[in-house]
Structure formats: C-alpha cells, structure tokens
Amino acid sequence: MARALINVPASAKRGEVMEIKTLISHPMEPGYRTNSTGEILPRDTINLFVCTYNGEEIFRAELSPAIAANPFIAFSTVATASGKLEFKWTGDNGFSATESVAITVE
Amino acid sequence: MSLWPRSFVLSCGVPLFGAVVSVSLAIGGEIPLSERMSGYDFMSRGTQAMQDDDSANPAMLSVLDGEALWNAADGATSKSCADCHGDARLSMKGVAARYPAIDRAGSRPVDIATRVNICRAEQQKANPLPLEGKKLLAISSYIGLQSRGMPIGVAIDEGTRPFLQSGREMFFQRQGQLNLSCAQCHDDNWGQKLSGAPIPQGHPTGYPLYRLEWQSLGSIQRRLRNCLIGMRAEPYPYGAQEYVVLELYLMWRARGMKMESPAVRP
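Respectively, the protein sequence lines represent chains A and B. Residue 396 is where the first sequence starts when you use the numbering used here, and the numbers rise one by one after that. Residue 12 is where the second sequence starts when you use the numbering used here, and the numbers rise one by one after that.
Rather than coming from a laboratory, the hints here were simulated on the basis of the structure. Even glycine gets a Cβ: it sits at the ideal position worked out from N, Cα and C. Keep in mind that a hint or two might mislead.
Claimed, not checked - On the chain A side, residues computed to face chain B include the following (Cβ under 7 Å):
id: 1; residue: K416
id: 2; residue: A463
id: 3; residue: A464
id: 4; residue: N465
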C-alpha cells in the first residue's frame, strides 16, 4: 500500500493563501533502467495527481518518468470555505491512491 | 600525516601505560570535539529544508510502515514488537543513540537491525527480515525516530572497548586499490570537495537515512559499502561484523552529537 503524507493547515482565515504539501511513496521506475541481468525494468510511474477542494478541482499535475521516487508536490490555494480537500494519485499498473483532509475556514 | 592524533602526542607527558589501554580511545578522533559537524551542516539549504519538515522528508513514509510493523503480530508466537515493548515512543526513546551495543548472548556488538532480527528469532519465532530490505529499514527508522534530538552515547566499558579499538584501527587502516583510509577523507580533508560534493566528517547521526542518490532509505552499512567501493576495496556483505565494529567507533567518535534519524542526505 502506498503511504502518503499530507500537510495542510487545520484551520485558515477566509481569503488566506494556504500551502498544501503532499508526499507519496512510489518507486517512479522510469522504464529505461536495466536490472543486473540486463533486462529492462518496466515503467511504473504515477501519471496524474489531482487535488479537489469541496469537489472542485484546484490543482492537477501530470507526472513524467523523469520525476524522482516518492514525489513531493507542494502548491497553494485560497481558503474559501470549510470542507474537504481530496487528493488522488493514479499511475501505471492500475496504481491509485486517495487521501482526504478536513479544513476549517473561519 | 602523523600516525597519532596531535592530542595524543601532546599527552605523551602522562605515563604511557595508561595511554596504551584507554587514552588512545579516550582522545581518538583527529577532529576536536568543538569542531565536529553533522553531515546536515554540509548540505544545501534545500536538502536541509527537506529534513527539517517531516511532511517533506521521504524517510517519514518508511517510518509510517515501521509503526505498522511495530504493531503487527508476526511469527509462530503471533506476537508484535508492541506486545513486549509497548509504546515505542516511550520504550525506544534513546535506544538508537546508544547502539551498536553488546548483545548479551553473543558478546559481540550488534546494530539495531540485527537486534530486531534477534528479537524476531527469540520472541516472535519469526524468520529474520532481510538486511537492507524495506521492512527492516522501516522498523529501524521508526526506532531511530524515537531518539531524535538525543545525544549519541554508546557504552564505553570492558565489553565494548576491544571492539572500539578494532573499529578505530579500521578507520585508520589504508585499504583498496586507492590505498585510502577513512581518516584521510573524514579527519584530514573534511570540508574539501570530492567530485564536486563536500566531504563530510562522517558522523553517523541520522541512520537509517534517505539518500537522494539512492532514492530510498538505507542503513549505515550501505553508506560504508559506498565508501569502500569508492576507495576500490572489496565491500563486506551486509551484516558483516566489520561494519558493526566500524559503526561502533563512528558512534563513539560522534558522542554527544544529536541524533537526526531518519535524516536526509544528498
């Protein structure tokens, strides 16, 4: 199972810019490397990361094979309303991971 | 370079019989205590920020795995680490800071990973976890985290002294096709550049740690293996006593420095 770490302020003032940091465990195997017997290690990467805020998409990143293992993605958004931030990573071999964090906006 | 540290030469005024047994260990390292620096201090600000922020430190993902393994029943006895040791945040506090330690049964120094495998064999009746494998590194990092910020202090007594001495000899022993000793880089030339990267003092303050070059967590044995290959010496297999003895000496050399486990290094 993929482990993920999410860092979002527990509460924020309305209109405040808040930083969101995400980290997920994934090998991000690019598909160009060989093993000790010379066979190509098949590509295994995360291809897409999407963050939604109360159902509305606020951030999307397309990941390429050049991105290092355990991708760390940080971005910011404006706190508009209390609710839920949802994070979804999808990738090769049916990889899918989701996390969600509640936020209180005053 | 003189064979003995300057401080040793200066102290030769004192009776030599004491020096042979204990003083050679008691003064040891060439770097004065006040000038010691963690590998952290040689890193770029970006990499330091990665270590400072637990939500950016990829080693913390392994810590989560380690916590789950700590609480998971395993082996023929269906016991978990927590069944004997309880809450690791209390029972494992400061443990990694005083390892390697002498194993009661074998009267040899063992590191945290081997200690975990001894526990697995004796208490859980479980198979040993492969050295340098994800699971063992995860448990080690979870145990290491509980000593974060605490001063390093391996035991210095009759049990450890012969191993400290042989670890010290290894540190000063030239080896490999390049005919280098650990001391030539990490005592004599720290702060200089090797292939564009700063040479640190070689204090094992943050193991197991996440190396960006490895893109994974690794133990000090993997790091020492790197160094041995770099000096074109034949590396020992994982788990070799030589690594543990050298780690013991390095931990003694870093005595009093703060634990950073699980650290991040370039």
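Taking the hints in turn, this is what the structure says about them:
no. : hint : result
1   : K416 : holds (5 Å)
2   : A463 : holds (6 Å)
3   : A464 : holds (4 Å)
4   : N465 : holds (4 Å)
Checked against the numbered hints listed earlier, the structure breaks none of them; every hint is satisfied.
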